[in-house]
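Asks: Turn these sequences into a full structure, and let the hints steer you where they fit.
Here is how the chains run, residue by residue.
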Amino acid sequence: MQIIPLFIAVPLGAAFILAMLGKARHSLIDLLANIVTAFLLILAISVIGVKGTTTYSMGRWLPPIGIVLVLDGLSILMLVMVNLISFLATIFSISYIERFTAKAKFYAMFMLMIAGLNGVILTGDMFNMFVFLEIASIASYVLVAFGTEDEELEASFKYMVIGSVGGLFILLSIALLYGMTGTLNMAHLSQIIASKNFGIGLLFTSALLIAGFAIKAAIVPFHAWLPDAHPSAPAPISAMLSGVFIKILGIYTMMRILTNVIGIATLGRAWDIMLVLGAISMVAGGLLAIGQWDYKRLLAYSSISQVGYIMLAFGLGTPLGYLAALFHLANHSIFKALMFLNSGAVEYATETRDLQKMGGLSERMPVTGITSTVGTLSISGVPPFNGFWSKLLIIIAIVQAGRPVYAVIAILVSVLTLAYFLKVQRYAFFGKIKDTLMNIKEVPVPMCISLIVLAALCLIIGLDAFRIIQGTNASWFIRVMIEPAKEVLVNGTNYVKTILP
Amino acid sequence: MIILVYSIFLPVLGGLICLLIPNRVKILKEAIALIVSFVALVIGITIFKEKGAVFYRELGLLTQILGINLDLRVDYLNSFILMFITFFGFLITLYSLKFMSGKNRLNEYYAYLLINIGVANGAVLSNNLLTLLIFWDLVLICLYGMISIGGGKAASCSARKSFIIVGVADFLLLLGILLVWYMTRTFSIDVIKATLFTSVSFKISALAFICMACGALAKAGSMPFHTWIPDAATEAPVPVMAFLPASLDKLLGIYLLIRITSDLFIMPSWLGMILMFIGAFTIIAAVMMALIQHDLKKLLSYHAVSQVGYMVLGIGTGNPIGIAGGLFHMLNHAIYKSCLFLGGGAVEHQAGTTDLEKLGGLSRVMPITFVATLIAAFSISGVPPFNGFISKWMVYQGVIQSASSQVNQLTSFFCWIFLVAAMFGSALTLASFMKLIHSTFFGQPVNESPTTTASAGRESSTPIKEVNWTMWVPMAVLAALCVIFGVFAQIPLGKFIGPAIGLDFARIPRALSLSGLWSPTLATGLIVIGLIIGYLIYIIGKATKPRVDSIYIGGEVATEVHRFPGTQFYNTVKEIGGLSGIYKAAEKKFLDFYKWGMGFLKGVAYILFYCIDRFVDWLVLGVARLVLLFSWILRRGHIGALPTYLAWCLIGFGIILYVLVR
Amino acid sequence: MLIYVLCIILFAIGLYGIVVKKNLVKIIISFGILDYSVNLFFILLGYKRDGIAPIMMKGQDKAQFVAQAVDPLPQALVLTSIVIGLGITILMVAIAIRLYDKYGTFDVMKMRKLKG
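Chains as they are written, first to last, in numbering that gives the first Met the number 0: chain A, 0 to 500; chain B, 0 to 661; chain C, 0 to 115.
No lab work stands behind these hints: they were computed from the structure.
The hints are all genuine.
As a list, the in silico DSBU-like pairs of lysine-lysine whose alpha-carbon atoms are at most 30 Å apart:
#: 1; chain 1: B; residue 1: Lys160; chain 2: A; residue 2: Lys433
#: 2; chain 1: A; residue 1: Lys440; chain 2: A; residue 2: Lys422
#: 3; chain 1: C; residue 1: Lys109; chain 2: A; residue 2: Lys356
#: 4; chain 1: C; residue 1: Lys114; chain 2: A; residue 2: Lys104
#: 5; chain 1: C; residue 1: Lys112; chain 2: A; residue 2: Lys356
#: 6; chain 1: A; residue 1: Lys433; chain 2: A; residue 2: Lys422
#: 7; chain 1: B; residue 1: Lys160; chain 2: B; residue 2: Lys97
#: 8; chain 1: B; residue 1: Lys160; chain 2: A; residue 2: Lys356
#: 9; chain 1: C; residue 1: Lys21; chain 2: C; residue 2: Lys101
#: 10; chain 1: A; residue 1: Lys433; chain 2: C; residue 2: Lys112
#: 11; chain 1: C; residue 1: Lys47; chain 2: A; residue 2: Lys195
#: 12; chain 1: A; residue 1: Lys431; chain 2: A; residue 2: Lys356
#: 13; chain 1: C; residue 1: Lys112; chain 2: A; residue 2: Lys104
#: 14; chain 1: B; residue 1: Lys102; chain 2: A; residue 2: Lys422
#: 15; chain 1: A; residue 1: Lys431; chain 2: B; residue 2: Lys25
#: 16; chain 1: A; residue 1: Lys433; chain 2: B; residue 2: Lys102
#: 17; chain 1: B; residue 1: Lys102; chain 2: A; residue 2: Lys431
#: 18; chain 1: A; residue 1: Lys195; chain 2: C; residue 2: Lys61
#: 19; chain 1: A; residue 1: Lys356; chain 2: C; residue 2: Lys114
#: 20; chain 1: A; residue 1: Lys22; chain 2: C; residue 2: Lys101
#: 21; chain 1: A; residue 1: Lys356; chain 2: C; residue 2: Lys101
#: 22; chain 1: C; residue 1: Lys112; chain 2: C; residue 2: Lys25
#: 23; chain 1: C; residue 1: Lys101; chain 2: A; residue 2: Lys104
Replies: What follows is the structure, encoded as structure tokens:
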């Protein structure tokens, strides 16, 4: 598969070119950025359905010595999600980023972030993963501070310090792993970990890894940077950050390393910590969200809550739990990106994020209003939208795993979710329009396109998922996208066999 | 038996079609609603004849993992309940044609109405506890929609309140169902049948029973889950009240209660005592609340709560006659309370207000409404020979039997207290309906037209007249049923109630003579003869032909002072002036006692209102406040200081490390 | 062994500084210490007493070379890691300067517009 490195090389090259185009016309920059993301999306779609594991050895150095890029079910799902959301975000940016001065720099950083994300997804080498992770992180630090007003800078600084500490945790754990095993290739590492007993050292390393990734994924209590950073970024970046960034950098890496490299069995009973972390995130995020009046801050807290769901389902360690976690991850990418873009559209039209200053926006902004309603219904788990099915699967998985207490918590938090999103709908979109907002109008066409596509995806995936009542494989989306990804996780440490023959 | 599926999905489909038809095409929508509800009634009657029919289908993953399957069964209990659900659905649709015309959001209204019929059928037919719960919650969602149709902030407020209260109870029901599953590993009602309370897991089964009973009681609207009914009453359109809280929710709630007490569980007597206590308490507390109401709809809704008490009391006795009485009372209540609400709606529709102080003298202009309401009022007050009397009588007998069969002296004593409470409640019901009938239909009409105070859209000069036939036919049918079920009680008892609980009512007097003799037909005959004699005497007396004229007060215009609105019946002593002639000698003393007694009753009523009646309100509000409090506390934690956030990360790392390395 | 302990002490100093210090510059310096301690740790993994540079000369005995030469991989990795650390530090300094423009102070406790 010669196209695998293109996922990293193309955006990296585009970032370089865009950085040089600082003085060029905006239409040219828009065109280039959108062509690149569209190309990446097509590339990602073209690898859907690739069976088994495909590897690409960088510089023809075979594993375990050289760095390999690995394309398996899990990577494909993540690649499609990242490139889909980034494509829609760049389309949204065409109009949205006009408000900022340095459009070329914005896109350059954006491309760098995509390169980092794709790299994290594809790489089969621990240190390489760390490098890509830091590339993506640095790009996101810059993008959060892109407005260069006091709040953006403050958020970026806090995010940067906490995120870098998380990165150092990961680096330290990589160093420890290297010290113990003498290799950095994930497959080889897994082989060696399985063959020897490292005892407490490995557990310490795992704790460092979990903490590091939890910081990147904003799991409570490592979450405090997220509600500052995500709202401060420009809306397309918020959509990227909440939609895919925290999931790739936090959840995907955690899934990959804990199940495929270290192995759940190594952690034993302590694996339950994932359930607890997930449940705490879910509850705390929901409670914090309901008290917010800032539109984007509310969405940010809701991301924490929803990531808690994913962690909870992942922490069950059962096949259905993995399936539910991945399904919810994919769905959450879509509807949270939609909701952040919605908030961006509202901010674009009204120049405020305060819910109390809005009202009756549906009247003037029908597309934004309707798509926001779709997003609300999806995230609150109302049938027939996609969020309902993934939450249902999560709850089924929890019950099946014999942990009814968590199921009750999940249901209650779902009610809470509905409550705070109804608050958004009520204050921002329903009701009578305020006199100060009489002059607003619907956002430009490119922004509308992104919103409509995402809302349509919510509905289509939801309708498609109706067939899961005949068995999970009856649904096209689950069969083609989620099921192969789940197989990778279920396969666990057998991962090594697919890479090192 | 595919017809079982039709009974569920046909109304739902009709409802969805109604939802899609725009409001402008009114006729089409009404026609569809009427036709669908009529077809549902036909299906309901067909199903009633098809006892033992089964429809079963697996639902793929849902069946494998959650055990949800579409398992519909008809037996003696649910067949007649289903028939009556469709019957009420049809009557209410007919009534709504005229009543709701010109109101907003008609498409939603008919959609909810029809969907409600469908999902209620589904809830009753389900043999699987989880599907039952799903249909049950759909009924709740329809209830939410229907109450909020009234429009306005208050309507959405009370709709939300209903939703939360019943939703919490449904959550308890879910908990109960999960506990039952935990014990039996199945959701099928016919498998679970009577296997519980025998095993070692006594505490769990008791908890499951209580949780499920809470769900059923909340749906039926018993204390302490009742506060949504009076609140909804003032906001929701009258047909909604007649359909949901008055008939459908009672049918569903009591159906589930009977399923729980007689099918799922073998009820131990102490749980029966709890149910009986709830029942007796509901009767007294709610009827006292009703006494102090000034609004027709609110008064009726408190009675809708009070009457649930009889049903729960009857079922709580645990003996066949009591359960049969409770079930029969449920049926009767659905009939007469719907009739009362529809009558109230007719009054509202014509007079434009439901405030008792502003109504009066409608008996002359609205004779059919008056007669129907009067019959229903007699029924609810338990006046023989109407149906309410028969079922109350059976409940009393059940309580007596229960009292005499108790081994323990104390519990036996309690049973007697419950009996007294029930009878006393019945007396108070009669009293409050006297007030209602008097102030609505008798007395002088209000001088100024009542329409000026309410209903701005109506021409204030239009004289009040009888309602359209689509509105009085349902009332008349229901009133006729009140009489028929009262005079020929053996028909419903033998056809519906008896088979449902496996009691042989073929020879009704024998079954009823368990502790007393009551032959409804004979008694009715005697009463009718008495009435005829009375009427003859009246005719003879009338031969003198007294002159009837309007009040003469020296040429002055009769003012407000000369009106006697019934709302003041129980406020002060003045209203019993008519009695003063008779008790002239004992006037002072009697009046003191009366004053004292009524004051005491009112005081108790107010205390109950604030301590018990609004208790659940406070609870619901409390949960919301608690959530906001936690939110506030957590938000205070996010002080925006980087060192604090970093410290959290380190603490979190420490905890993870401890858990992993431990 | 002692050298590892020193490395851990360095790590702890960095962690202390980054959590406790309120001044932006001190936080950045603490981050630098933290970063270097991890880099140092990485280097120490490949360190051998009296080791030779990992460059194989012609005719050198393979087994002897492996026994003597230090592990080259950590050095390569640390180079990358230093570059990343450099990038982050530069960004931190740049944003700290901007923050000073906006807030007129380096005290992180006074930069609390985002909270709740």
